[in-house]
Amino acid sequence: MHLFLLIGLVAFSILAVLSRDLLKSAISLAVASIFLALVLFLMNAVYAGVFELSVVAGLITVLFMTTIALTRNDGDVAESKRHRFIFPLFFLALALIDILVMKKLLGQIPAIQSSETGTFSQVLWNQRTFDLVGQVGAIFAGVLAVLALFRPDGEKAHKKNASEGDRHE
Amino acid sequence: MNNLWILNMGAVALLIGIGLYCLLTMRNTVKLLIGIEVISKGVTLALVASGYARNNLMVAQSLAITVIVVDVAVIATALALIININRHTKSLDVGKLTRLKG
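Line by line, the protein sequences give chains B and P. Everything in the first sequence is counted per this note's numbering, starting at 1 for the first residue and increasing by one. Everything in the second sequence is counted per this note's numbering, starting at 1001 for the first residue and increasing by one.
Hint data in this document are derived by calculation from the structure and do not stem from the laboratory. Hints are not guaranteed to be accurate.
Here are the simulated PhoX-like pairs of lysine-lysine, each with C-alpha atoms no more than 25 Å apart in a straight line [said to hold, decoys possible]:
| hint | chain 1 | residue 1 | chain 2 | residue 2 |
| --- | --- | --- | --- | --- |
| 1 | P | 1090 | B | 81 |
| 2 | P | 1090 | B | 24 |
| 3 | B | 81 | B | 24 |
| 4 | B | 81 | P | 1096 |
Computed footprint of chain B on chain P; a stretch qualifies when at least three of its residues, placed anywhere within it, have a C-beta under 8 Å from a C-beta of chain B [unchecked claim]:
| hint | stretch |
| --- | --- |
| 5 | 1004-1014 |
| 6 | 1023-1029 |
| 7 | 1059-1068 |
Every residue gets a Cβ at the ideal spot worked out from N, C-alpha and C, and that includes glycine.
So here's chain B without its partners, still in its complex pose:
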């Protein structure tokens, strides 16, 4: 089951990257997120799974689709046709290196076993308080950046108001 979900995750990620239609790419990315959320649920990481499912598979997909809809007419960018040949070779080489090296690499990491106590909320609020402060800061920075990027152009708005005023007179 776990292996099947991981294969689905990697397969839909590849589809998201290689698909020519941006809408299909965004939907493939959302399906990959659903596979990842299921993997997280299987590993008992319920909170991370819920976040992945609601925020990444939901919110980010909506953001992608809105952007694609707003830029639809200009969205055709001619990607190189060489991806058809290069990507399978790249992927095979990566998978081969992965199989040969990963076990050895992970074996070099010292085994430090620690058993946690307490609930998730205790760990999140007591031990990772600064992470939460950082998250709030990141969200505010994002909101301010989006507001700054979508603010109306000052000069254009002024000229438009002035011309409308002339017409009324």
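Once you have looked at the hints, place chain P on chain B.
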């Protein structure tokens, strides 16, 4: 070290590799963001898989949630930037962003 961890980290390496390939070869700005998203999925999986293998799942989950929140802020800002760039250049081609070229 168990087999599940090796399996998960193998998938992580593949996801990060696919994302890097996308970032290095694609010209469409939305596709580049999709590449960043794929890398972010790999990082989330790496955090939770390592926490699960080392019996540190709570801390791993809180770190994964932090990654997801930061990722949302980055993607929202980048998509707004793409819409603004598209208004000026009428294209999503990253090759046409040459105004700052010296």
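Verification of the supplied hints:
no.: 1; hint: P:1090 to B:81; in the structure: holds (23 Å)
no.: 2; hint: P:1090 to B:24; in the structure: holds (22 Å)
no.: 3; hint: B:81 to B:24; in the structure: holds (18 Å)
no.: 4; hint: B:81 to P:1096; in the structure: holds (19 Å)
no.: 5; hint: 1004-1014; in the structure: holds (count 10)
no.: 6; hint: 1023-1029; in the structure: holds (count 4)
no.: 7; hint: 1059-1068; in the structure: holds (count 9)
Comparing the model with each earlier hint shows no violations; every hint is respected.
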